[in-house]
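Participant: Residues per chain, in single letters:
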Amino acid sequence: MSRETSFTFDGAPMAAVEGQTIAAALIENGVMSWRTTRFGDRPRGLFCGIGVCFDCLITVNGEPNVRACLSAVEPGDDVRTQAGDGHV
Amino acid sequence: MNADVIVIGAGIVGACCAHYCAQAGLSVIVVDRGSVAGGTTGAGEGNILVSDKEPGPELDLALLSRELWAQMAGELGDSFELDAKGGLVVATRAATLEHLHRFAAEQAEAGVIAEPVTAKGLRDHEPHIARDLLGGVFYPQDMQVQPMLAAARLLQHARSTGRVTVLPETEVLEIERDGSGAVTGVRTPTERISAPHVVNAAGTWGGVVAGLARVDLPILPRRGFILVTEPLPPMIRHKVYAADYVANVASDNAGLETSAVIEGTHSGTVLIGSSRERVGFDKTLDWEVIRQEAQQAVAIFPFLADVQLMRTYGGFRPYCPDHLPVIGPDSRAPGFLHACGHEGAGIGLAAATGLLIAQAIAGTNLAMDIAPFAPNRFEGAHVA
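If you read the protein sequences in the order shown, they are chains A and B.
If you count the first sequence from 1, position 3 lands on 3 in the working numbering, and the numbers rise without skipping.
If you count the second sequence from 1, position 334 lands on 334 in the working numbering, and the numbers rise without skipping.
To be clear, the hints were calculated from the coordinates, so they are not data collected in a lab.
Remember, it's a predicted structure, so these values are computed and weren't measured experimentally.
For every residue, glycine included, the Cβ atom is placed at its ideal position computed from N, Cα and C.
One or more of the hints may lead you astray.
As the list claims (entries may be wrong) - Label-pair distances were calculated between CB atoms; the ranges are:
{"hint": "1", "chain 1": "A", "residue 1": "Asn29", "chain 2": "B", "residue 2": "Thr284", "range": "37 to 45 Å"}
{"hint": "2", "chain 1": "B", "residue 1": "Ala84", "chain 2": "A", "residue 2": "Phe39", "range": "18 to 26 Å"}
{"hint": "3", "chain 1": "A", "residue 1": "Phe39", "chain 2": "B", "residue 2": "Ser180", "range": "51 to 59 Å"}
{"hint": "4", "chain 1": "A", "residue 1": "Val52", "chain 2": "B", "residue 2": "Ser180", "range": "51 to 59 Å"}
What the hints assert, rightly or not - Below, a sample of chain A positions facing chain B; criterion: calculated Cβ distance under 7 Å:
{"hint": "5", "residue": "Arg38"}
{"hint": "6", "residue": "Phe54"}
{"hint": "7", "residue": "Asn65"}
{"hint": "8", "residue": "Asp85"}
{"hint": "9", "residue": "His87"}
One chain only, chain A, in its complex shape (with noise of 0.2 Å):
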């Protein structure tokens, strides 16, 4: 049985499924996008889904560059927007 968990978006409270990942928990909340680039300020969120085009980077707990799409939610991570390269 999958047990339901819990995380933030930018100290929004969010639903997960243990297990999931943090792109398939923003997108079945709703949220399409998580990041804005580099230099057009453009919105990005899930792209190639298995890793590999680093479009889905984001901020989970301070650590900027996660791939939401390889990363699986923890109980209370807090996930952020990512704005450019997410090194302030």
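Fit chain B to the supplied structure of chain A, relying on the hints for placement.
Facilitator: Then chain B, alone, in the frame of chain A:
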């Protein structure tokens, strides 16, 4: 179809040949069996270097070429990320440092600006550099360019003159010659293109293209891999490389050689090289190469240990046994010219190569002596 000049190869050298031929008023057809910048042009870092060249004909070509690159960037409205970032060569051992300083002094006599840097001074150039390096030399004339963008922009610009046609996905099957041996054009799967001049700008495949006109050119592939990091804020200002890189470039060893070459790019990624080995056209990823390159880069920039690698890419430098390019008319086949075999320096040397080819075809004064690059210099020589 017909034109004054057929250029075989739509990489950076072919693009520069087309650019300068068009400027000289010649009509040009550029053919490539693949896409623009689909070969070695798209597999490197975009180096325009004087720092790694010993005094001699290649350095003279590099000094001319960097001037031309700056000029082309001006003409094309800075549309290909030309960055006059300078190169910093660093030494990890006392013997290497001594050799580097001697090398730099010789280069300075040949017109290169080379500024010795103390161990402490390295940090003024690169704040994040390792603390245990012994010193180095700064070369303000070194530049970098986005090579694929440059090839595409140069061809776009050349086409806008109305004198240049680009035919991608068009393989040359034969270079035709008449009874006197002079070239008359090329044959592709669909048509015959006639021209009194054919330029071999096929890079690593230059030997194969020469064979299509039944002349020999000993060009061999020398494989290299580059690592690409995640995008970072600017951490590395210059092209930074280990002094043993120069020795590796000049070596004739066919086995694996690696030496650290590190630089940031306009887009924020850091490129890490370099490796050299002669293994034919095998593109299989080799983890040992990746491991060595990463390790050597971390020794120079320790912060890289915590940075993610995004991807790697690899390609084949066009290697000539004497490490010099092949540039100019081929006396064995009148009308046939070569512009290939630049090994790892093709981007940097492309501009001068294009200019010299255009001058040779137009019959105007050559900007420099091209005898050291003569295509027939390998005749009778044993090729390793």
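Participant: Each hint needs a verdict: does it hold in this structure or not?
Facilitator: Do the hints match the structure? See the list:
1. Look at Asn29/A against Thr284/B: about 42 Å separates their beta carbons, and that is inside 37 to 45 Å.
2. Checking the proposed 18 to 26 Å range against Ala84/B and Phe39/A shows it holds: the Cβ atoms sit about 21 Å from each other.
3. Between Phe39/A and Ser180/B the beta carbons are some 56 Å apart, a value that agrees with the proposed interval 51 to 59 Å.
4. Separated by about 54 Å at the C-beta atoms, Val52/A and Ser180/B satisfy the suggested range of 51 to 59 Å.
5. For Arg38/A, the interface hint holds, the least distance from its beta-carbon to any beta-carbon of chain B being 6 Å, beneath 7 Å.
6. Hint status for Phe54/A: holds, given a least beta-carbon distance of 5 Å to chain B, under 7 Å.
7. Below 7 Å, beta-carbon pairs count as interface contacts, and Asn65/A has one with chain B at about 4 Å; its hint therefore holds.
8. Hint status for Asp85/A: holds, given a least beta-carbon distance of 4 Å to chain B, under 7 Å.
9. Satisfaction of the interface hint for His87/A is found here, the shortest Cβ-Cβ separation to chain B being roughly 5 Å, below the 7 Å cut-off.
Checked against the numbered hints given earlier, the structure satisfies every one of them.
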